[in-house]
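Visitor: Below, each chain spelled out in residue letters.
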Amino acid sequence: MKITLNGTIKELPQSVLLTDLVSQYCKNPKHIIAEVNGEIIKSSNWTQKTVADGDTIELVGFVGGG
Amino acid sequence: MNTSTLPIRDTPFILAGKAFASRFLLGTGKFQSKQDLANSVATSGTEIVTVALRRIDLDHHEENIIEYIPQNVTLLTNTSGARNAQEAIRIARLAKEAGHGNWIKIEVINDSKYLLPDNNETIKATEILVKEGFIVLPYVSPDLYVARELVKAGAAAVMPLGSFIGSNQGLKTREMIKVLINEIDLPIIVDAGIGAPSQAAEAMELGAAAVLANTAVATAAQPAAIAQAFALAVQAGRLAHLSGVPQKRSLADASSPLTGFLYEN
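In order, the protein sequence lines correspond to chains C and F. Position one of the first sequence corresponds to residue 1 (this note's numbering), numbered consecutively onward. Position one of the second sequence corresponds to residue 1001 (this note's numbering), numbered consecutively onward.
Hints in this document: simulated from the structure, not taken from any laboratory. Treat the hints with care, as some may be off.
[Said to hold, decoys possible] Derived lysine-lysine pairs resembling DSS-like cross-links, with alpha carbons at most 30 Å apart:
hint, chain 1, residue 1, chain 2, residue 2
1, C, Lys2, C, Lys42
2, C, Lys49, C, Lys2
3, C, Lys42, F, Lys1124
4, F, Lys1096, C, Lys42
5, F, Lys1178, C, Lys30
6, F, Lys1131, C, Lys42
7, C, Lys30, F, Lys1018
8, C, Lys27, F, Lys1018
9, F, Lys1131, F, Lys1152
10, C, Lys27, F, Lys1096
From just these sequences and the hints, can you work out the full model?
Guide: If you want it as structure tokens, here you go:
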């Protein structure tokens, strides 16, 4: 299946839980925010959220800024 | 410098009902190392720092900037990258979700040459985010009517730019900022373009409630040292403001008596 993750198309062998996708890309997911198809998913719900074919996912974090 | 020993007792800096001892806000962009940032936060004694939100880099695990900011420091997430009110609102909602409070600096920029904030979109975003319970600090080009709209919208402060962002040019908008200080009943926090501690002191002498600096600290040879210099300059400017800085005069006025010595009886 294909998803769009942070603007990049990614091929996944099978559907995954959001929590697994986040930990694949984030060393420390504590301060990460996830959005699936424009909807913010609370981190407490990541273990229940399955990423489906065609989903658009944004993972954002804090960086330096003025 | 311990402000409790100042000859004039200052009132605390109150922002959205919260009291701060420091009137120096530090931006966290452009630092060569996160350790430089952490040291600058410590030496300046800043209690409010700005951060930004970005997509995470999928190819490189990055250290999170939040880890370098002490927990007692208030995080003010900016909406940089937003080109209109809708995008700023989206960024604000995302930031809130991360659980680091609801303080938002609205920054809406859609001009890539001058990087000037879009005041109209900023007002729109402020109106909506205040209704959603955010503490909103809008970054604007200094304008009296815009500032009045922001007061009506429920902003916690107004953050006028001193000069172009990152330009180190200082208070090019000095007279306009003075108007805001005189007319607007909200803290005026001078942001952008403050390139040297002397410029920060000037803003505080004028009566600004606080000053934010980023580029000037982050790109200095010794960030932690200049961060402290900024904090001291902000205190000096504040004390000067409270002292009543004498007006400029067009003619000379001797400081020492000019008569009664050597040539006269």
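Visitor: With reference to the structure, classify each hint as holding or not holding.
Guide: Here is what the structure says about each hint:
1. Simply put, Lys2 (chain C) and Lys42 (chain C) have alpha-carbon atoms about 23 Å apart, close enough for the 30 Å limit, and the pair holds.
2. Between Lys49 (chain C) and Lys2 (chain C) the alpha-carbon distance is near 16 Å, which keeps this suggested pair within the 30 Å criterion.
3. As the CA atoms of Lys42 (chain C) and Lys1124 (chain F) are separated by approximately 26 Å, the hinted pair is consistent with the 30 Å bound.
4. This hinted pair checks out: Lys1096 (chain F) and Lys42 (chain C) have alpha carbons roughly 11 Å apart, not beyond 30 Å.
5. For the proposed pair Lys1178 (chain F) and Lys30 (chain C), the alpha carbon gap of about 42 Å is over 30 Å, so the pair is violated.
6. For the hint pairing Lys1131 (chain F) with Lys42 (chain C), the CA-to-CA distance comes to about 21 Å; that is within 30 Å, so the pair holds.
7. Taken as a hint, the Lys30 (chain C) and Lys1018 (chain F) pair is honoured in the structure, with Cα atoms around 26 Å apart against an allowance of 30 Å.
8. Restraint check for Lys27 (chain C) and Lys1018 (chain F): not satisfied, since their Cα atoms lie roughly 34 Å apart, outside the 30 Å limit.
9. The suggested pairing of Lys1131 (chain F) with Lys1152 (chain F) holds, with an alpha-carbon distance near 12 Å, which does not exceed 30 Å.
10. A distance of roughly 21 Å separates the Cα atoms of Lys27 (chain C) and Lys1096 (chain F); the hinted pair therefore holds under the 30 Å criterion.
Figure legend: structure checked against the earlier numbered hints; hints not met, in rising order: 5, 8.
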